[in-house]
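K.L.:
Below are the chains, spelled out letter by letter.
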Amino acid sequence: MEIRNCVFALILCHAAFVSCAVGLGRNPPTERISGSAGDVLEDDPVGRLKVFVYELPSKYNKKILQKDQRCLNHMFAAEIYMHRFLLSSPVRTLNPAEADWFYTPVYTTCDLTPNGLPLPFKSPRMMRSAIQLISSNWPYWNRTEGADHFFVVPHDFGACFHYQEEKAIERGILTMLRRATLVQTFGQRNHVCLKEGSITVPPYAPPQKMQSHLIPEKTPRAIFVYFRGLFYDVGNDPEGGYYARGARAAVWENFKDNPLFDISTEHPTTYYEDMQRAVFCLCPLGWAPWSPRLVEAVVFGCIPVIIADDIVLPFADAIPWEEIGVFVDEKDVPNLDTILTSIPPETILRKQRLLANPSMKQAMLFPQPAQPGDAFHQVLNGLARKLPHDKSIYLAPGQKVLNWTAGPVGDLKPW
Amino acid sequence: MMKLSALQQSYLNRRPGSFRGAAPLDSSADGANKSPAAVFWLVLHGLCCLISLVLGFRFSRLVFFFIFSTSITTNTNHFMAPFRQLTTTTTAADVASDLPSNPVGDAALNGTRVVVGRHGIRIRPWPHPDPIEVMKAHQIIERVQREQRNQFVVKNPRTVIAVTPTYVRTFQTLHLTGVVHSLMLVPYDVVWIVVEAGGVTNETAAIISKSGVKTIHIGVDEKMPNTWEGRHKLEAKMRLRALRVVREKRLDGIVMFADDSNVHSMELFDEIQSTKWFGAVSIGILAHSGGAEELSSFAAVEKEVEEKEKKQAIPVQGPACNASSKLAGWHTFDPQPYEGNSAIFIDDRATVLPMKLEWAGFVLNSRLLWKDVEDKPHWSRDLDSVVDDDIESPLSLLKDPSMVEPLGSCGKQVLLWWLRVEARADSKFPAG
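These protein sequences, in sequence, are chains C and P. Under the numbering used here, read the first sequence as residues 1010 to 1424, first letter to last. Under the numbering used here, read the second sequence as residues 7 to 438, first letter to last.
Pulled out of the complex, with its shape left as it was, chain P reads as follows (with noise of 0.2 Å):
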């Protein structure tokens, strides 16, 4: 059994590499020729780590250095002018003095240039950010993210053709403009067909000329109604009106629909570029009570289920796929929990509630729409045969609803959120 010295004891407990003033002794204790002066010196250290281990500093080691200030030899790594000293000070006296006769590990082993043994920490006079590094650093941090998006960037980018159904409102402003500017960035060719109810006006007019993107504005001469089922109506009959124009002008792209107070993500103008024919995308419902009375929390929404929701849960409206990432139903909002609270009348103060399915989940090629396209899928009705009233959600262009594309990894990836808030009935719509 290995006898454990008291040094090797106290490196127990720690990392290795203690430098306690016991190494010192041990070398000198080690070397054969015990000379008065070797023996004076080691009484003096002896003595001066006594002090030391009172006072709680390295005592001795300033001691010598101001001792052997003049005399500093140059195999250590010195300290320059122009670097700040901290309170190690001490180097070339230390090496000098700790290692008398430890053979190896100075600049005396042949050709390294590493020297074991302590050294300076190097500080340069003004040890802060330099605001041109900063600037040079940001530019290849984003030099560096453009190549990591470009290694995900789409092939053969379409048209995104958003369809908005839009009217003359209090906050009409507010979420146009928030359209608008989902609109402005994103990356790829953007059509917007704007459909007024009431006819086109000169406010709604003015605030979808600051897109920038090709917008087309139609107007609808129904005014809006003010009862939320009207008014789901009424966007139906809107938005078919605007395929039509789809067809009409044979635009080629992807449609999509963007609902002027919904709020889109950009990863969901990416991810319908890789609809084929028709796709649909899972929508977070932010149904919230017109009162003061909010929701305290809102759980993590990515895998939500609607079977699984919890008071506090966002519900998420999409497909659902089975096991095997095909699409084997739909998860529809579920009116129940809000059952006889909620708005009737668009100015109500009480809950807001998406239809089972919304439009906006939806999105579709726009050659689906055409006319006279031969490879048009078989599983498609043609625009003409719908009839208007009887259309609630864009399934109903299909013949056979099982042919959808889930998107955004089969429905777990929230790409939009579903809003609805309008001015209370009592608020002064600004005339003029």
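Looking at chain C on its own, in the form it has when it is part of the complex (with noise of 0.2 Å):
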């Protein structure tokens, strides 16, 4: 009788708990993204999980990055800002037997070319070793074949190390990664280098250069649709109709002469500027389908546009990004004026209201030193969120799921 009353008393708590918390006001002009979502963006993994670094030689991180300090500052910097986030954030833990997950530090995408452009090329073959290396010296890769593990892999189509997509789906995800989470940039729906249970994360955008060009909120915007970049890749693809899936070359071909599309190929010093004089952003794929277009828009309070079939956006599960963007079917490109236009004024502000949130703008962001709130605190509750781990990852001694020999030739050479 006391034991359910007790019960009673403790749901009767949670219940208004909860309403509590969902009652929560709005401040003006800002809008909290309210519900389960929305909070979930403040929510602190501290606590919630532990994390156990590998110990590497530093052939597969720090000696990569001395050979190309390039690499701290392109699209791809998130693997490097995780690692030294990492390693002073208090869910490290220095004793792996209570960790919960194990992050191994190896920078792929650091190998770049004289332009700046990471070559994918030895990557499998340095992933297979950081692989054998720690299955070798800790128990912890053969316990579960990498279940409890996750690996950063940032570049174009994630862990299927191919810059070209055809190449890329030829591949599929590295073998020894299928077990794994994998935190990557690219996301697509229905897609072979999109693994279940992955966490997507925004490129990496510098945030000191962001906030150096901040100006005034008074500063009306004039700008309708605002674009810089490329239409037809000139180099690989003159004619269209590859690069971005003919949806660039069809922006530039309905619209080159709208006013209302301030768009063109040019690289303006004021770009950062410009964009925060602008409504609306176009996010349209290129050779992947994510771009760091998507981190400035939300960051200036532009609303993206975003046309890209099936994408994946970042941290989907926290933030709703139908709710803050807008998405265009690339086969509606050549309407996009006219679905711009039909946007009620009010659905303009409120997208607007919710960009302006400051938690938004900093979960789009890898600051150094880390903040509260900030992309790798998502990445942590993705991880959070994903615990406790099944029973059914445990393997039993001695027992194999993947296959080590899978795979091209020539990524079984030693690196």
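Simulated from the structure, these hints should not be mistaken for laboratory data. We put the CB at the ideal spot given by N, CA and C, even for glycine. Incorrect hints may have been included.
Claimed, not checked - Below, simulated PhoX-like cross-link-like pairs (lysine-lysine); rule was C-alpha separation at most 25 Å, straight line:
#: 1; chain 1: C; residue 1: Lys1227; chain 2: P; residue 2: Lys282
#: 2; chain 1: C; residue 1: Lys1227; chain 2: P; residue 2: Lys142
#: 3; chain 1: P; residue 1: Lys161; chain 2: C; residue 2: Lys1227
#: 4; chain 1: C; residue 1: Lys1340; chain 2: C; residue 2: Lys1400
Stated by the list, open to error - Simulated restraints, written as ranges between beta carbons of each label pair:
#: 5; chain 1: C; residue 1: Thr1039; chain 2: P; residue 2: Ser331; range: 21 to 31 Å
#: 6; chain 1: C; residue 1: Gly1206; chain 2: P; residue 2: Leu56; range: 41 to 51 Å
#: 7; chain 1: P; residue 1: Ala429; chain 2: C; residue 2: Lys1227; range: 50 to 60 Å
#: 8; chain 1: C; residue 1: Ser1145; chain 2: P; residue 2: Pro42; range: 47 to 57 Å
#: 9; chain 1: C; residue 1: Gly1206; chain 2: P; residue 2: Leu61; range: 22 to 32 Å
#: 10; chain 1: P; residue 1: Ala334; chain 2: C; residue 2: Asp1266; range: 48 to 58 Å
#: 11; chain 1: C; residue 1: His1276; chain 2: P; residue 2: Leu61; range: 25 to 35 Å
#: 12; chain 1: C; residue 1: Thr1278; chain 2: P; residue 2: Asn328; range: 30 to 40 Å
Make one complex out of these two single chains by using the hints.
P.N.:
Take a look at the structure:
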């Protein structure tokens, strides 16, 4: 009888608490993404999970970075900053026996061409070599064949390790990573290179640089649609049709003389300032569906117009992108102006209020040092939400699920 | 060390996704069955590649298209009739011929509607702006901007009491109309006190009635003297007269001095709403030489300081702040560079100079002028105790000039521009 009363009281308290949490007020002019999705952005992962960072020889991380410092500034820099963040984070544990997740710091996207583009050709071998190392020196990989390990693979098509989509699809996700959790920028539904349970993160955009280009909020937004970037990749696809699946070329051909569309291929120095004076910013796909433009649009309060079919956006389980951005199918690009002008003004104002929410902006950034609510914490939140691990991931000793010799022959060469 | 094949070498210098004719060669070479038909197509394709190398465009694709135009597969992005086609008309044939052994990427991949490969560039039949869309977009922009402005709107806006001394002269209509338009744009209530030297005239009344704001037109009998010095003195007297009117009528609001030839920015009126008792703003001085040899370029004025002034820069008069954003002193006009060159008479051709501190740079709460107000600050002097001839700037209304509030980010923003332009001595004033 008494136990029942206690339980009843507990339920009542819980209900009261939940209703209080949902009824929290909105602060004009920003709007809180109310409900379970929005609150999740402000969760604190500390105390909810423990991460063990493997000590790999510096040839996997430090030496690579020393060879080319540009890796710290390009859009794949998340893998390096994630490592640095975890080393000094309170979620790190030095005792692997109590760890929930294991992190392997290997910088696979740091082999750069003179132009600054990463070459993925050695990445599978590098990853394989790292995994061989951790599986032979620690017992934790073999325990689960990597199911409680996570890797940061920010390259174009994630762990498929190729920049060309067809080749990437052909390779598929690296065999050894098939059970691990992947933290990647690439996300497209029903795609070979997006594994179930992956955490999609935004590409790295330099926070200090963006902060230094802020203009007063009073500046009226007078540009309707803004975009700067390539429409045709003249070097690789001069006729168009492959690059961006023809969507960027369609934008150019349909709207190049439209005064509402401020679009061009120039690289103005006032790029960030212009974004702050625009209502809509186009974020079309390129060779891969994701782009740093999304991060820039969110930080500068410009409503992102996402033109990429089936794209999976960063932290999609925490950020309600449908309410914040405008999604346009690639086949609807010729009607982009009609679509944008037919959005009711109240919806546009609401989207702007949601974008003005500082926790939104913070979740898209990788500031150094890390701040609460930033992308590092969102990744940890995502990992924490996957806990506790299902018992089925633990394998019997000696049991092997992954085929270590699968994949192209070139991958098996030692690195 | 990895051997880089020739194919991959060509990828090195470009962004991913090169898709030359080499690709199908690659894939068909990987295929296990080399039937004679495959070899034939291989050879033909190679030949076409060589030809297109020579000719400079994708000749092979066109040939394939024309050969296969009757048997276009449907699992690709199809061009519909309404869409205009570019030179990239070889969509269907390409995908069919390029990916013979590529098992994925087509619709065969379970459930995806996104196809890898070449797509068409969709263009609508008339790719030009639609005026109705443009109108709608502008309405959206206006709504967004209105919302932006509302975020910074002043709560409890106070009436702006503008005081303008004027007199009938050649350029009066020009200058006064400027003030009329500025006041018409002010989003707050305005009471405009126009004090006229030489008595109330119909000409002035006609101009100020066009403003649509509440006006109080007062005449002062004394005529405007012909010297700048005399004019400054009389204008000071006229302004005090207006302040007395404010006091008599107990007008409530913020008093600002809108001289008729000054240029006011709208931000000035927003900024002065935050005045508590007595505020000061920065004025940009457009002192020009009367002759044709104008200063060639004006440097940016926003943060210009008197001490750092070079020949080209515009002097700014106003409050000066120290590091903790408190009033520390004043930037005043330095007549040194213009020594011996300044105009004495109003119709001179020489440079007209402002006073050390112009009235226009000060704003005050009208309650400072009222009689019998309890919470008036003790550091203000009563208006009755001010002797007319002695006053040069409104600072004389204060016992303690350090209580002045610097406005416009502590004087860093120039919110109005001082200018004095009057007709030359030989100009003909239109009679009547």
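K.L.:
Decide if the proposed pair is consistent with the structure: lysine 1340 of chain C and lysine 1400 of chain C, CA atoms, cutoff 25 Å inclusive.
P.N.:
Roughly 45 Å separates the two Cα atoms, so the pair is violated.
K.L.:
With 21 to 31 Å as the target window, see if threonine 1039 of chain C and serine 331 of chain P comply at their CB atoms.
P.N.:
This hint holds: roughly 27 Å between Cβ atoms.
K.L.:
When you check the alpha-carbon spacing of lysine 161 of chain P and lysine 1227 of chain C, does it fall within 25 Å?
P.N.:
holds (16 Å)
K.L.:
Within 41 to 51 Å: is that where the Cβ-Cβ distance between glycine 1206 of chain C and leucine 56 of chain P falls?
P.N.:
holds (49 Å)
K.L.:
Does the Cβ-Cβ separation between histidine 1276 of chain C and leucine 61 of chain P fall within 25 to 35 Å?
P.N.:
Holds, at about 34 Å.
K.L.:
Next pair to validate is lysine 1227 of chain C with lysine 282 of chain P; report whether the Cα-Cα distance is within 25 Å.
P.N.:
holds (23 Å)
K.L.:
Against the range 22 to 32 Å, how does the distance between the Cβ atoms of glycine 1206 of chain C and leucine 61 of chain P compare: consistent or not?
P.N.:
At 51 Å between Cβs, range violated.
K.L.:
Kindly confirm whether 47 to 57 Å is satisfied by the beta carbon distance between serine 1145 of chain C and proline 42 of chain P.
P.N.:
Between serine 1145 of chain C and proline 42 of chain P, where Cβ atoms are some 51 Å apart, the hint holds.
K.L.:
Mind checking the alpha carbons of lysine 1227 of chain C and lysine 142 of chain P for me, to see if they're no more than 25 Å apart?
P.N.:
holds (23 Å)
K.L.:
Regarding alanine 429 of chain P and lysine 1227 of chain C, is the given constraint of 50 to 60 Å on their beta-carbon distance met?
P.N.:
Since the Cβ atoms of alanine 429 of chain P and lysine 1227 of chain C sit about 39 Å apart, the hinted range of 50 to 60 Å is violated.
K.L.:
Range first: 48 to 58 Å. Now tell me if the beta carbons of alanine 334 of chain P and aspartate 1266 of chain C are that far apart.
P.N.:
holds (55 Å)
K.L.:
Please test the hint of 30 to 40 Å on the beta carbon pair from threonine 1278 of chain C and asparagine 328 of chain P.
P.N.:
holds (34 Å)
In terms of the numbered hints stated before, the structure departs from hints 4, 7 and 9, listed from lowest to highest.
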